[in-house]
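S.K.: Chains as they are written, first to last, in my numbering: chain A, 149 to 651; chain B, 149 to 651.
Calculated directly from the structure, the hints in this document are not laboratory data. Hints should not be assumed to be uniformly reliable.
Pairwise CB distance ranges (calculated) [claimed, not checked]:
1) A:Ile257 - B:Ile497: 30 to 38 Å
2) B:Glu428 - A:Glu601: 52 to 60 Å
3) B:Glu225 - A:Phe374: 55 to 63 Å
4) B:Glu268 - A:Asp592: 46 to 54 Å
All C-beta atoms, glycine included, are put in the ideal place defined by N, C-alpha and C.
2 protein chains.
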Amino acid sequence: MTAVMTDLEKDFLEYVKKMSAYNEAIGLMYWDMRTGAPKNGIEQRSEVIGMLSSDAFNMSVSEEMAAYIAKLSGKKEALNEVTQKTLNECKENYDRNKKIPSDEYKEYIVLCSKAESVWEQAKTESNFELFRPYLEKIVQFNKKLIGYWGYKENKYNTLLDIYEPGVTVEILDEVFAQLRSEIVPLVQKIAESSDKPRTECLFKHFPKEKQKEFSLAILKKMGYDFNSGRLDETVHPFAIGLNPGDVRVTTKYDEKDFRTAVFGTIHEGGHALYEQNISEELVGTPLCTGTSMGIHESQSLFYENFVGRNKSFWQENYDLLKSCSDGQFDDVPLNEFYRAINESKPSLIRIEADELTYPLHIMVRYEIEKGLINDEIEVRDLPRIWNEKYEQYLGIKPSNDGEGVLQDVHWSGGSFGYFPSYALGYMYAAQFKNKMLEEIPNYDELLEKGDLEPIKAWMTKNVHRFGKMKKPLNILQDATGEGLNANHLIEYLKEKYKEVYKL
Amino acid sequence: MTAVMTDLEKDFLEYVKKMSAYNEAIGLMYWDMRTGAPKNGIEQRSEVIGMLSSDAFNMSVSEEMAAYIAKLSGKKEALNEVTQKTLNECKENYDRNKKIPSDEYKEYIVLCSKAESVWEQAKTESNFELFRPYLEKIVQFNKKLIGYWGYKENKYNTLLDIYEPGVTVEILDEVFAQLRSEIVPLVQKIAESSDKPRTECLFKHFPKEKQKEFSLAILKKMGYDFNSGRLDETVHPFAIGLNPGDVRVTTKYDEKDFRTAVFGTIHEGGHALYEQNISEELVGTPLCTGTSMGIHESQSLFYENFVGRNKSFWQENYDLLKSCSDGQFDDVPLNEFYRAINESKPSLIRIEADELTYPLHIMVRYEIEKGLINDEIEVRDLPRIWNEKYEQYLGIKPSNDGEGVLQDVHWSGGSFGYFPSYALGYMYAAQFKNKMLEEIPNYDELLEKGDLEPIKAWMTKNVHRFGKMKKPLNILQDATGEGLNANHLIEYLKEKYKEVYKL
């Protein structure tokens, strides 16, 4: 029931609007730093970002916020639905942040910022011992956090809950075991296949300007609105939603491998469609963003894999790609191209992994994090454990820690519990695809025609528009009628690789 | 004498640093809106800018600020020099802003924001009556402000003081009369000259990308540091200093008239050199910007006219311009080109005026503003008075108000007292040039060699580094040994146009 708004409710919404304003300004400064801000201004800009971040943080744990929570929580049923959910979100943040002693938290922020630069050096030098003391402290602090916040069943659940509320160790253990039992034999079969794709055509010189032209065309076809966004170049690509009318995509051009830009842009474009299509009524509240890392990743991976690596999509777009290129595909039939972009083979680096082996990279990290947090693994044993797991899951072994345990930035920033979101997003995406096929049975035909509008409309109706109004598993349940289910992804992978490798 | 900093002094500096942080974030959002922010996000972005502006404004008139001013003013001699000047600046702002009843001020802000869109329509339709009621209210409010703030000698002095502290009606009346008495006969002589420059070569097709290439090269030669800045495209060019390590230039490319971009970039580059070379110790204080509109304009006009329209400069750069162009200067000797870019003839639009007639455009506005504020002119008579003055000063008459009294945006935003800065900047620039010649007698030779470093160094030593540590007339006095003096500009104009028009 929606009632007339009281002054208290209005004041609360003004208050959160101001926090959103700080975050929007911070977002723009972040984007700017990564797309061409002059380097001599960066240090001072970082201070500005720091000050605005403190403002937003202080507002989230202020006495004023405490008073809003106390006064409004008693009369929730009288509140507008958006206010209710906003209040919940603010309360969760308040409770979480208030429980950490502020001096400890500040110390931790300093630790992480140091740790990141040490990690960079350690990675370059492939020297785990350099990073070890920092990682030990970070793990220690995360355990402390769990002490402050409490936990249910498994300590690691508390960290998972930050990124993917509702998802637990129990759930993950089950789906990951299931995934692994299907993926590992499939990887094996592929390794033994005698009819592998030829991939030489991928690595010819593809001029940057032409890659950009193609990337822009594909974003447009996806339904990305250029009146509400723009495409820029960066070193580590990302998409960022400042508000639904300003959602920016960044990409990277590798003239020796067009896939970096093309699949990267489609991936970030998927994230961007999510942010562009959040309901306008959520602007200025903390609900005006994706509901979780996993659901966000479901959108990027859906477009990257179920659209961008689909043969029908290339039936529509291969000629355009050919015309943008310098002739590298002239003697390559569509089917050969399609097989090439879907090559699968075990590799050491997560971010370069293919669709099939990617979840195995995530499982390695998941098991290590779970073990660390539950005192079953020690930081000093990580290099050995990492290498053993890579051998066990992927059949290959890093020759040094730079391409092994030191490859990801996440742990140096204290992000424990984040990695599983990548794999969850993939499973969610497959579940959405499965459901979508019931409602849009001519899915492939639409791709062939280049008509991606109904696909975007389905995602907007079932996912985008809600922002954080629904928790991730509610989005999934309401959209597909089921909870987390690895079977759809497994089915997809089996079918796809059977075709690509003629198994 | 500089003493050890007290905690109070440190807290005060932290406080102003935060205000600077808001302003830096606002500056970036402003730049972004004018260089490619997606249009659908603008409305929400404007709200964010509004909120951060309120924050900065509220901090400037807060009780906390009042307390700092009260506590620190008593012990100024114990403060660091930067703190002293910062305190003065904060006190001036506090006094000015506190005297305006806040409800009246808010009403005025709304009025101006409406007035600007009405002005746009009025200009397009050339319909002064549409804009008249708004302008009347704005003038009325400015008179009210003078009532709150008080005045010395002449009411208009109070407004002048906002933009150019120390400059008064008495001073301006004198220098403008002097300028006019010399410029008007010179314009007359030029009109009668039988040897006018041929300007057809200016208006050939010059590809945008090539204009950009040339603009970048010239900025570099000027000593603009691209590690502390960047060049972008916009509709109404500007330069903006976010901090000395991030000072951005924008320009506009007209493929039918390369002068827009080339002289526009040099002009904005002059502003940018100022902001890039402010002393690092002023970062995070309100002193970290140009000291006044006039001194800022002295820098842009110095580079635009005394560098960019100097023959020696083109001896060095004409070949590069030729090589960037599509051949439009192939049969044009350097001297003919030099004369063409220095053509002078009376025109109706201020921003398109040449060096010689430009000050006359300013005088028209100055006299009208002075008359309005002193109740000697009524808003309803402006179109008639405007046209009469153009006829009297420039010998031409607008055929409609769109190209007459409605041409500038300034009044719709309430900026009365701003226009004189343009002419002051021009006089300051000529005074700097004159003094510089004593210390750098081989000025022209340096331009011929393309060695602009000593010129920039002179400006940094005498102007740039001080930021707002000195008032404009102190900058002038310390650099040149004299007060405002129109003679140097007059001498320059006489000599230059004698040469260009072979008088």
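S.K.: Does each hint hold? Answer for all of them.
M.R.: Status of each hint after checking the structure:
1. For Ile257 (chain A) paired with Ile497 (chain B), a C-beta distance near 55 Å fails the hint of 30 to 38 Å.
2. Checking the proposed 52 to 60 Å range against Glu428 (chain B) and Glu601 (chain A) shows it holds: the Cβ atoms sit about 53 Å from each other.
3. For the pair Glu225 (chain B) and Phe374 (chain A), the beta carbons lie near 59 Å from each other, so the given range of 55 to 63 Å is met.
4. Glu268 (chain B) and Asp592 (chain A) have their C-beta atoms about 51 Å apart, which keeps the hinted 46 to 54 Å range intact.
Comparing the model with each earlier hint shows a violation of hint 1 alone; every other hint is respected.
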